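Student: Residues per chain are reported as follows:
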Amino acid sequence: MIQVKNLTKYYHTLCAVDQINFDIQKGEILGLLGPNGAGKTTTLRMLTGYLQPSSGNIQVKGLSVDTHILEIKKMLGYLPESAPLYHDMLVYDYLNYVAAIREIKGDQKLARIRRLADLCGINEVMHQPIGELSKGYKQRVGLAHAMMNDPEVLVLDEPTSGLDPNQIVEIRKIIKEIGKEKTIILSTHILSEAEATCDRIVIISQGKIVADGSSESLKQSAGGKNIMYLSLQNADFAPLQESLADINGIENISRISETDSVLNIRLAYQSTDDLRPDVYRKIKETDWILLDFHQETQSLENIFRELTKES
Amino acid sequence: MRQVVHIFRKEFSAYFISPIAYIVIAIFLLVTGWFFFATFFLFNQANLRAFYALLPVVFAFVIPATTMRLISEEINVGSDEILLTMPVTFRDVILGKFLASVALVVAMLIPTIAYPLTVSLMGQLDWGPVVGGYLGAIFLGAAFSAVGLFASALTRNQIIAFIIGLAVCFTLTLIDKMLYFLPQSLLGVFAYLGADFHFQNIAKGIIDSRDILYFVSICFVGLYGAYLALLQRH
Numbered sequence: 039m040i041q042v043k044n045l046t047k048y049y050h051t052l053c054a055v056d057q058i059n060f061d062i063q064k065g066e067i068l069g070l071l072g073p074n075g076a077g078k079t080t081t082l083r084m085l086t087g088y089l090q091p092s093s094g095n096i097q098v099k100g101l102s103v104d105t106h107i108l109e110i111k112k113m114l115g116y117l118p119e120s121a122p123l124y125h126d127m128l129v130y131d132y133l134n135y136v137a138a139i140r141e142i143k144g145d146q147k148l149a150r151i152r153r154l155a156d157l158c159g160i161n162e163v164m165h166q167p168i169g170e171l172s173k174g175y176k177q178r179v180g181l182a183h184a185m186m187n188d189p190e191v192l193v194l195d196e197p198t199s200g201l202d203p204n205q206i207v208e209i210r211k212i213i214k215e216i217g218k219e220k221t222i223i224l225s226t227h228i229l230s231e232a233e234a235t236c237d238r239i240v241i242i243s244q245g246k247i248v249a250d251g252s253s254e255s256l257k258q259s260a261g262g263k264n265i266m267y268l269s270l271q272n273a274d275f276a277p278l279q280e281s282l283a284d285i286n287g288i289e290n291i292s293r294i295s296e297t298d299s300v301l302n303i304r305l306a307y308q309s310t311d312d313l314r315p316d317v318y319r320k321i322k323e324t325d326w327i328l329l330d331f332h333q334e335t336q337s338l339e340n341i342f343r344e345l346t347k348e349s
Numbered sequence: 008m009r010q011v012v013h014i015f016r017k018e019f020s021a022y023f024i025s026p027i028a029y030i031v032i033a034i035f036l037l038v039t040g041w042f043f044f045a046t047f048f049l050f051n052q053a054n055l056r057a058f059y060a061l062l063p064v065v066f067a068f069v070i071p072a073t074t075m076r077l078i079s080e081e082i083n084v085g086s087d088e089i090l091l092t093m094p095v096t097f098r099d100v101i102l103g104k105f106l107a108s109v110a111l112v113v114a115m116l117i118p119t120i121a122y123p124l125t126v127s128l129m130g131q132l133d134w135g136p137v138v139g140g141y142l143g144a145i146f147l148g149a150a151f152s153a154v155g156l157f158a159s160a161l162t163r164n165q166i167i168a169f170i171i172g173l174a175v176c177f178t179l180t181l182i183d184k185m186l187y188f189l190p191q192s193l194l195g196v197f198a199y200l201g202a203d204f205h206f207q208n209i210a211k212g213i214i215d216s217r218d219i220l221y222f223v224s225i226c227f228v229g230l231y232g233a234y235l236a237l238l239q240r241h
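Chains as they are written, first to last, in my numbering: chain U, 39 to 349; chain S, 8 to 241.
Next comes chain U alone, as it looks inside the complex (with noise of 0.2 Å):
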C-alpha cells in the first residue's frame, strides 16, 4: 500500500529523518513511536503532502509524492497533531467546508456529515465555534474532517493527546472500528496505546528506525530478559540471598523495600527456561510466608528506554 524507500529530511542542516524505510501494508494499524524530536511527525508530514522530502520518496497505491501528490492527498485523511482547526468557524460550516473540498455532493454530503458526528460523538457541539471547544471535543473534529472522505489511509498524529481516560478509550475504539477495514498510521509516545492498538511498531529515534515489528516480536527480540517479584513475611535477606543465589540463570537479586516484616525482592535472570518452580522449591524449604510472586517478561517500556537512549 505505503513504500518508504530512503527517505531524508533535512531542516537546514538539522537531520529530521534520516534514510528510512519502512513498507505499510493493506489494512495494517502501524503505530511510530519515539520520543519527542524523533522525527515521526516529519515522517507523517511528508508521507501527506505537507512538507516535501530532502531525499528518498513516498509511493502510495505505486503513486509518487513527487509527481501525483493531489491524487495521494484524495486517497489520505490526515489529522494533525493537537488538530489545529479554524477557530471563528462552527463545527457544521467547517465540516461542511471540509466536504466541499472534498468534492462530496449534495444529499451524500449531509448523510457524511451526519454519520461522522455520530461516529465522532460531536452531535451537541455542532453549532459551537471551534474555539470554544474543550481539547477531546476539538481533536474529535479533527478526526470527522480526517474521515471525511472515507480515506483508504488514515494518517493520525498523536491522536489521544490532551484527552481524558473515557475519550482515549473512545478513540482507541474507533481507530479499531476503521482500522478493520483501513490502513491507519498513528504516531505516539505512549507505549500502552501502541500496544494497545496496533498491528505493527515501528520505533524511531533520532531520525532513524531501531525497530519494527509487533508488540510481540519486538519483546522477543530485545532478548526475553524476566523479572520476578516476591514478597514475603518472616524473612531475611541475606539469607535469601544466599540460597537463590544457588539457581542457576540468577543475574541480580535486589531489595525493593522491606516494612515490618514484610520484605520485597526483585529477581532478573536471563534464561530461556522458567526458574520459577526452582524459586518456589528454595522458599518451601524454609519458613517464610510467600505473600506475592509474579513474573514480567520485558516490558515494551523497557525495550523503548533501551533503543532510544541517547548515545
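It should be emphasised that the hints constitute simulated quantities derived from the structure, not laboratory data.
All of these numbers come straight from a predicted model, not from anything done at the bench.
By construction, the Cβ of each residue, glycine as well, lies at the ideal position given by its N, Cα and C atoms.
Take these hints with a grain of salt, some might be off.
Label pairs and their computed distance ranges (CB to CB) [to be verified]:
1) U:LYS214 <-> S:VAL12: 31 to 41 Å
2) S:PHE197 <-> U:ASP126: 35 to 45 Å
3) U:PRO167 <-> S:ILE219: 35 to 45 Å
4) S:VAL64 <-> U:CYS53: 41 to 51 Å
Under the rule of at most 25 Å between Cα atoms (straight-line distance), these lysine to aspartate or glutamate pairs were calculated in the DMTMM-like manner [what the hints assert, rightly or not]:
5) U:LYS147 <-> S:GLU18
6) U:LYS257 <-> U:ASP274
7) U:LYS218 <-> U:GLU190
8) U:LYS43 <-> U:ASP104
9) U:LYS246 <-> U:ASP274
10) U:LYS246 <-> U:ASP126
11) U:LYS112 <-> S:ASP215
12) U:LYS99 <-> U:ASP188
13) U:LYS173 <-> S:GLU80
14) U:LYS220 <-> U:ASP126
15) U:LYS246 <-> U:GLU334
16) U:LYS143 <-> S:GLU18
Place chain S on chain U using the hints.
Tutor: Same frame as chain U, now just chain S:
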C-alpha cells in the same frame, strides 16, 4: 479550479463572521465620507475627484489590514497543515484568498455609490469618470490585495505582515510624489511605478491598456511572491 471557489467562499464569509469586515467597512466609509464631503462644497464642482484622490492612501492602510491574517494566521495556528493536506494546490489557496480580499474591496466600495448619487442630485455629474474611477478602484484594490497577501505569506506574525503590506502599498502610492529627489533621466521609470499615477489615469475616465497592464503585473508579482513564500516554507 473548483477548489478556488470553495476557499474563496470560506474566506469571504470568514470576514463577515468575525467583526473584521464590519469594522473595516465602517472605518473606510467614515474616513472617505468625511474627507470627501468636508471639502466638496468649497470646490463647488459636481465631480468625485476629491474622493478618488483620497482612495489610494486610504486603501494603502485598509487593505493590508484585511489581508494580513489571510496566510500568517494559518501558519501561526497551524491550520495550513490541515488545508494543504487536503486535495488543494498552493495556487488554489492563493487565488481563493486573493479573490476573497478583492470581493471585500468591492463590498467596501458598494456603499460609496451613495456619493455619486448624492452629487448627481446637486449638479451635472459626468458618469464616465465615475465608472472609470470605480473600475480603477477595483484594480487598485486587487493590486494592494496581492501585495498584502504576499506580505502575509512571509511571516507568521500578523502585525509584521500588516506593516510590510502597508509599507509597500504606501510606497507604491506615494512614489510619483517624491520624484524631486531623483535625476531627470529616471523620472519616467519611477513615475510609471506609482500606483496613484495609473489609478488617476483610469479615474479620469481614460481606460488605457498600459494602466490595466500595470495593475495586472502588480497582482501577478504579488501572488507569485506569495506562491514562492509558501513553497519555500514546505
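Student: Look at each hint and say if it fits the structure.
Tutor: These are the hints, each one checked on the structure:
no. : hint                              : result
1   : U:LYS214 <-> S:VAL12: 31 to 41 Å  : holds (38 Å)
2   : S:PHE197 <-> U:ASP126: 35 to 45 Å : holds (42 Å)
3   : U:PRO167 <-> S:ILE219: 35 to 45 Å : holds (41 Å)
4   : S:VAL64 <-> U:CYS53: 41 to 51 Å   : holds (50 Å)
5   : U:LYS147 <-> S:GLU18              : holds (20 Å)
6   : U:LYS257 <-> U:ASP274             : violated (34 Å)
7   : U:LYS218 <-> U:GLU190             : holds (11 Å)
8   : U:LYS43 <-> U:ASP104              : holds (13 Å)
9   : U:LYS246 <-> U:ASP274             : violated (47 Å)
10  : U:LYS246 <-> U:ASP126             : violated (39 Å)
11  : U:LYS112 <-> S:ASP215             : violated (45 Å)
12  : U:LYS99 <-> U:ASP188              : holds (16 Å)
13  : U:LYS173 <-> S:GLU80              : holds (20 Å)
14  : U:LYS220 <-> U:ASP126             : violated (32 Å)
15  : U:LYS246 <-> U:GLU334             : violated (29 Å)
16  : U:LYS143 <-> S:GLU18              : holds (20 Å)
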